[in-house]
Each structure stands twice: as C-alpha cells, then as structure tokens.
Amino acid sequence: MPTFVDGKLLRDNIKAELLGYTKSLPQPLSFHIIYLGADPVIDTFIRYKSAFGKDLGTDVVVHRLASGVSFQDVQDLIADVESKADGIIIQLPLPDHLDRQAVLDLVPPEKDVDVLSTAARQAFRDGKTNLMPPVTSAIAEVVDHYDVNLTDKNIVLVGMGSLVGYPTSLWLDRQQYSYQAITNETLGDEKAHLLGQADVVISGVGVPHLLTADMVKEGVVLIDAGTSEEGRRILGDIHPDTLEKGSIVTPVPGGIGPITIAALYRNLVLAHQNR
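For the record, in the sequence shown the residue sitting at position 12 is 555 according to the numbering used here, with numbers rising by one throughout.
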C-alpha cells in the first residue's frame with residue numbers, strides 16, 4: 544500500500560512555525576494579491592490563500608481587476624501598493640492580451656513571494672535569495688518530511704513549465720541531484736521509456752490524468768504538482784489508478800496544493816525578515 548502524503552498536515556506544520564513569528568510582530572504583515580478577471584476555480588484558490596493568511600494574522604488584500612485592464616493599469620496599481628506591501632503576487636493565469644512575463648516583472652523582486660519575476664527567478668537560480676518558488680518548496684517539504692532519498696536515483700521531471708518543472712530543475716541542480724526531463728510532447732517518443740525506469744516522478748504539466756499505471760514501475764515515488772480544471776473539479780497529472788503502484792504519492796487535491804500555500808506565506812515572512 545502506498546503512503547499518501549498528507550498535504551494538510553505539512554501545511555499546518557508550516558503554519559505553526561510561521562505563527563511564532565507573525566504573533567510577535569507589532570503590526571500584521573501586508574500581502575497583496577492582484578487578480579485579473581474572474582474564474583470560479585481561481586476564486587477558490589484565492590479563498591484558500593486568504594484564509595491561510597488570516598490564520599497568521601496577515602492583512603490580505605485582494606485587488607480584483609477586470610479582464611480587460613491594460614498593462615499600465617497593473618503597473619499603476621503595483622506602484623500604489625508597493626510601499627505598503629510586504630509581499631505581492633499576480634494571480635495566474637493572465638488575460639491573453641497581456642504579456643505574462645512583463646506583468647510578472649512589475650513585482651519588485653524583494654517582494655515577489657511567488658518568485659516569478661525575472662530578477663527573483665535569477666536570484667533563486669544563482670543562490671542569492673532565501674525565497675523559494677512555492678511549488679518547488681512544497682516538493683522539497685515532501686522529500687524532507689517523508690525521507691525520500693534522491694541520491695543516485697532515477698528522477699524524471701515531467702514538464703518544464705515556469706511554475707513546477709523549471710524551478711524544480713533549478714533546485715535539483717543546486718542540490719546536485721541528476722534528473723531527466725520529459726515534456727508533454729516527448730512522452731510518446733523515445734523518452735517515454737525513462738518513466739518506466741524512474742524511481743521518482745515529479746509531474747507538473749497540467750494535463751489531467753496524463754500519466755497512467757502502465758507508464759511507471761512498482762514502488763515509484765509519485766509527486767503530482769500538476770493541476771487542471773474539469774468543470775469545478777481539480778485534477779492532477781497522474782491517474783488515480785497509477786497511485787496504487789507508488790511507494791509515496793501525493794494526491795490531487797490535498798497533496799502539493801496545501802503545502803504550496805504555506806510555502807507562499809513562508810516566503811512572505813522571509814521577505815519581511817530580509818528588509
């Protein structure tokens with residue numbers, strides 16, 4: 544039987560650590576979330592993020608802008624809140640008419656607790672910041688808490704996107720772990736056999752139930768950091784039947800997601816301490 548990662552437990556462990564700091568502050572931390580457009584699933588994510596912050600006594604401000612806003616509108620808003628905020632994030636995805644990276648780069652790197660701006664990501668890559676991309680931080684938390692041995696293991700990253708695969712590859716590089724990367728496009732070609740040999744699979748493609756039981760071996764560690772929407776349901780990259788072949792597995796929902804929110808607020812605390 545696989546061990547299912549309890550993301551809520553790890554989330555609450557981090558929350559307890561952070562409360563020791565936030566309760567000692569003379570005034571609450573200020574966290575600003577900039578949200579463009581409207582989507583019921585994203586609304587749920589925003590509620591989870593806000594609720595965690597309120598548990599810490601954080602002043603969470605959600606700025607809801609219409610999907611048709613201009614780049615200048617977002618720039619003006621960030622300029623207005625920057626001096627008041629300890630941390631700022633741009634909720635993804637963005638409307639198609641906006642340049643995603645240009646908008647993310649509006650966030651000052653020292654307050655970029657999502658670590659998505661070019662400057663913040665470069666600082667993480669170069670080991671010049673203690674802020675860690677939240678999903679990658681959540682993956683590292685699972686590895687640490689469940690004593691997952693990555694040394695001399697066949698590690699396969701599925702997907703190299705900006706939220707999961709790429710930052711996780713930087714973390715693996717910094718820890719000097721070797722890995723192979725597969726994209727959604729190469730799953731069907733000669734790289735697919737790598738999955739069958741993998742001791743650890745970390746997936747963040749965002750394609751529902753992409754990885755099936757026939758693709759992996761018994762006893763594999765399965766870390767599913769991919770999310771996609773089906774109606775109002777959140778689905779992972781790994782088919783539920785596949786999890787039964789794993790030794791340590793992260794369910795979706797309830798696995799990486801809750802830990803990621805806690806990691807986001809750990810970055811907020813670190814950003815405040817770094818001032």
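Just so you know, the hints here were simulated from the structure itself, not pulled from any lab data.
Any given hint might turn out to be false.
List time: in silico BS3-like cross-link candidates among lysine-lysine, alpha-carbon distance up to 27 Å [to be verified]:
#1 K597 - K627
#2 K627 - K558
#3 K760 - K671
#4 K551 - K597
#5 K558 - K592
#6 K592 - K566
#7 K566 - K551
#8 K671 - K627
#9 K671 - K558
#10 K551 - K788
#11 K551 - K592
#12 K597 - K558
#13 K597 - K566
#14 K696 - K592
#15 K788 - K696
#16 K627 - K592
#17 K788 - K760
What follows is a list of derived Cβ distance ranges for each label pair [claimed, not checked]:
#18 R668 - G739: 26 to 36 Å
#19 Q618 - T546: 41 to 51 Å
#20 A756 - K627: 43 to 53 Å
#21 N692 - D623: 44 to 54 Å
#22 G762 - R607: 42 to 52 Å
#23 T694 - L568: 33 to 43 Å
#24 P783 - A622: 37 to 47 Å
#25 R607 - L568: 43 to 53 Å
#26 R607 - R668: 25 to 35 Å
If you're wondering where the values come from, they're calculated on a predicted model, not measured in any experiment.
C-beta atoms are modelled at their ideal positions from N, C-alpha and C, and glycine is treated no differently.
Structure-based check of all given hints:
1. With a C-alpha separation of about 17 Å, the suggested pairing of K597 with K627 holds against the 27 Å cut-off.
2. At most 27 Å may separate the alpha-carbon atoms for a hinted pair to count; K627 and K558 meet this at roughly 23 Å.
3. Between K760 and K671, the direct Cα distance comes to roughly 38 Å. Violation of the 27 Å bound is thereby established for this hinted pair.
4. Proximity of K551 to K597 is assessed by CA-CA distance (about 16 Å); at most 27 Å being required, the pair is judged to hold.
5. Distance hint between K558 and K592 is fulfilled; the C-alpha atoms sit about 12 Å from each other, no more than 27 Å.
6. With a C-alpha separation of about 18 Å, the suggested pairing of K592 with K566 holds against the 27 Å cut-off.
7. Between the alpha carbons of K566 and K551 the distance comes to roughly 21 Å, so the proposed pair stays at or under 27 Å and holds.
8. Restraint check for K671 and K627: the C-alpha separation of about 24 Å stays at or below 27 Å, so the hint holds.
9. Straight-line distance between C-alpha atoms of K671 and K558 comes to about 25 Å, which keeps the hinted pair within the 27 Å bound.
10. Among the hinted pairs, K551 with K788 is consistent with the structure: their alpha-carbon atoms are about 23 Å apart, no more than 27 Å.
11. Note on K551 and K592: the hinted pairing holds, with a Cα-Cα distance of about 13 Å set against a maximum of 27 Å.
12. Between the alpha carbons of K597 and K558 the distance comes to roughly 11 Å, so the proposed pair stays at or under 27 Å and holds.
13. Our distance criterion of 27 Å between C-alpha atoms is met by K597 and K566, whose separation comes to about 12 Å.
14. As the CA atoms of K696 and K592 are separated by approximately 34 Å, the hinted pair breaks the 27 Å bound.
15. The suggested pairing of K788 with K696 holds, with an alpha-carbon distance near 17 Å, which does not exceed 27 Å.
16. A threshold of 27 Å between alpha carbons decides the hint, and for K627 with K592 the separation of about 19 Å falls inside it, so the pair holds.
17. Only pairs whose Cα atoms come within 27 Å are accepted, and K788 paired with K760 is accepted, the gap being roughly 7 Å.
18. Taking 26 to 36 Å as the suggested C-beta distance range, the pair R668 and G739 conforms, at roughly 31 Å.
19. At roughly 46 Å, the beta-carbon separation of Q618 and T546 lies within the given 41 to 51 Å, and the hint holds.
20. The hinted range of 43 to 53 Å is satisfied by A756 and K627, whose Cβ atoms lie roughly 50 Å apart.
21. For the hinted restraint 44 to 54 Å between N692 and D623, the CB-CB distance of approximately 48 Å keeps it satisfied.
22. Distance hint check for G762 and R607: the Cβ-Cβ separation is about 46 Å, which falls inside the suggested range of 42 to 52 Å.
23. In this structure the supplied range 33 to 43 Å holds for T694 paired with L568, their Cβ-Cβ distance being about 39 Å.
24. Separated by about 46 Å at the C-beta atoms, P783 and A622 satisfy the suggested range of 37 to 47 Å.
25. The hinted window of 43 to 53 Å between R607 and L568 is violated, with their beta carbons roughly 27 Å apart.
26. For R607 and R668, the hinted distance range of 25 to 35 Å is satisfied, since their beta carbons lie about 32 Å from each other.
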